[in-house]
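From first to last, the protein sequence lines stand for chains A and B. All residue numbers for the first sequence refer to full-length UniProt numbering, where the first residue is 1 and numbers rise by one. All residue numbers for the second sequence refer to full-length UniProt numbering, where the first residue is 1 and numbers rise by one.
You can take every hint at face value.
In silico DSSO-like links for lysine-lysine, alpha-carbon gap of 27 Å or less:
1. B/170 to B/274
2. B/112 to B/353
3. B/170 to B/237
4. B/362 to B/224
5. A/57 to B/212
6. B/129 to A/57
FYI, nobody ran anything at the bench for these hints, they're computed from the structure.
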Amino acid sequence: MTTTDIGPNTGPRETVRRPSRFLRNLSPKIAMLPLIFTACVVFLGGTLWTVLYSFTKSGLLPRLSWVGLDQYERLWSSRKWIVSIENLALYGICSLIGTLVIGFTLAALLDRKIRGEAVFRSIFLYPFALSFIVTGLVWQWILNPELGLQNVVREWGWTSFTFDPLNNPEIVMFGLLIAGLWQGTGLIMCIMLAGLRGIDEDIWKAARVDGIGTVKTYIRVIIPMMRPVFVTSLVLIAAGIVKLYDLVVAQTSGGPGISSEVPAKYVMTAMFGGQNLGQGFAASSMMLLMVVIILIPWAYLEFGGKKHG
Amino acid sequence: MKLSKILLSGAAICAATSAGAVDLEVMHWWTSGGEANAVSKLAEAWDATGNTWVDGAIAGGGDTARPIMVSRIIGGDPPAAFQFNHGRQAEELIDAGLLLDLTEVAEANNWKEIINPPSLLDACTIDGKIYCAPVNIHSWQWMWLSSAAYEKAGVPVPANWSEFMETAPKLQEAGITPLAMGGQSWQQNGAFGVMAVALGGVDAWTKVNEGKDAEAVMGPEYTKVFEAYGAAREMAKGLNVQDWNQATSAVIEGTAGAQIMGDWAQGEFALAGKVAGTDYECLPGLGETGVLSTGGDAFYFPVNSDADITAGQKELAALLVSPEVQVSFNSAKGSLPIRGDVDLTTVNECTQKGLDLLKDGKTIPDAASLLSPDTTTQLNDLLTEFWNTPAMTPAEVQQQYADIIASAD
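Take the sequences, apply the hints, and build the full model.
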């Protein structure tokens, strides 16, 4: 009853004091000003500037000489761009599913109160402390047929063993994926573990009383309860996918041929290798568009829906 | 009185020298052993004039270094001097008025007369003004062959491309990869350029690269080149290396027969203690068409508001072209000097072949001074795709090559 009483009371009071609404909590608002400025000028302004100049034929330096949609036409007729998009989609889907599944499984295993949990947690999280450049180089060596895994297995006696993903255009993206998963799952595991620890012990007791199996409890009860944790993980993974660049540069430099190119690398090569800013801007605008297309419906469902509900 | 006069004049001298002596930051991407040694010759020469050379080396090659340099220039914090390959890379910086006009220095030192071939200076010239000081000549037009590999296969070292193709199966039987090719796209594009000049002839090459003639790409000369390039792709199977010097060391070790690579590869042979003519052979123009492309490095000088630095920049530009620096720098780097009136201290058989071609005027401009970096990037992408996609036929790549040339600026 008390909660419903506050609702109607605050409502009218706010309508009376409407003019002072902007002045309420003034000091935090002032403190926010730099951030608001950054968001508007750097993020929004920079984005608009980039989109604007993607309609020009800017070379090494930005120039306002309009060419309409030429840059976009060239972009979409470029074989390398198509390959980049396909690669990103493949990497994105596999990395998203792989990271979530492996991350959650590891977290669930650690959550079973095993001995030496802290040791395992550190080991799994450790790769995250390495940059993508280091990760890429390490995995380039591990996957190198003469130095790495293939050679080791052959020395064990299995001489026909062949595992050379980085030199095979068909499966090179999986070579990148292995490195990406190795680097990224540790963090997701930790976030998941924190989520699991947040689950009330009573839930487990109730499930046990009802005679529900452990796996089933995880899938049917725990995972739905961990929705916010999954959303956080999803955002982190998705951001990592879109900006995939340094791993590729360190591990394969887009090779063999153009078979492991990704959009961010296309942008960098066009802008700085090819001295063609317009083309790079067009490509980065398309990247933004892709993110927006995925993000807006999701944000609407996630945040827009709640207000009405 | 006397003492104060002496002190005053002493102070004046100090002031004069300190006004003349400047610290110049020079950015470049020469970081391998031989290259760093060559840069130190430049730095020594500059320091000997009483000025200070502030070294701004960027590791990772031109593709990494150029964006850093450009962003510093555009960002208003330019180095005093920076290295680019002469050609069209600096075109827009010059258009935007960001680089210092060196015409005055060039005229005072008579660059027009001494720089050989003249195309080097042309590459620095825009609207009659000179904007860069060329320091060396590098040429792509070489094939390096391993004597040991051919000895093992029991065939004589080929003297031209067709002999190379004939003997290639023998090498494969002996477990040697006939052609060493690194995985980076610029190497595959560069090798194609060499084959185009050697097998398609200078005329067809000029039509395509200078005239941007797409029909010439579809013509019979280039058809031959694309077919040869497709055949070369088969010869390169079995060796997976990335960097050009890894491919070179395969030739040095004799695990690969030959490599098409610019004259900078010779530095690797020298470093490994190999002797031209006995341990390895070199074929300019693949032994078919003996010409040299004259690419190379040049220094550009961003405009600076400080008059002392501007004076220093001009002094450095003159110094880089001077005979002493040309000899010490190019001897260390293994490149050819940009002036015909100096003698290098160490000249082996291969360098001599290059010098002879230069003397005879058998030179062509470097593709980088004819094609924009944008076009070069597109060609890199196309040729590396072809090289790594066995299903792609020479006819397909020829058509796409023609499309890129047709839209080139």
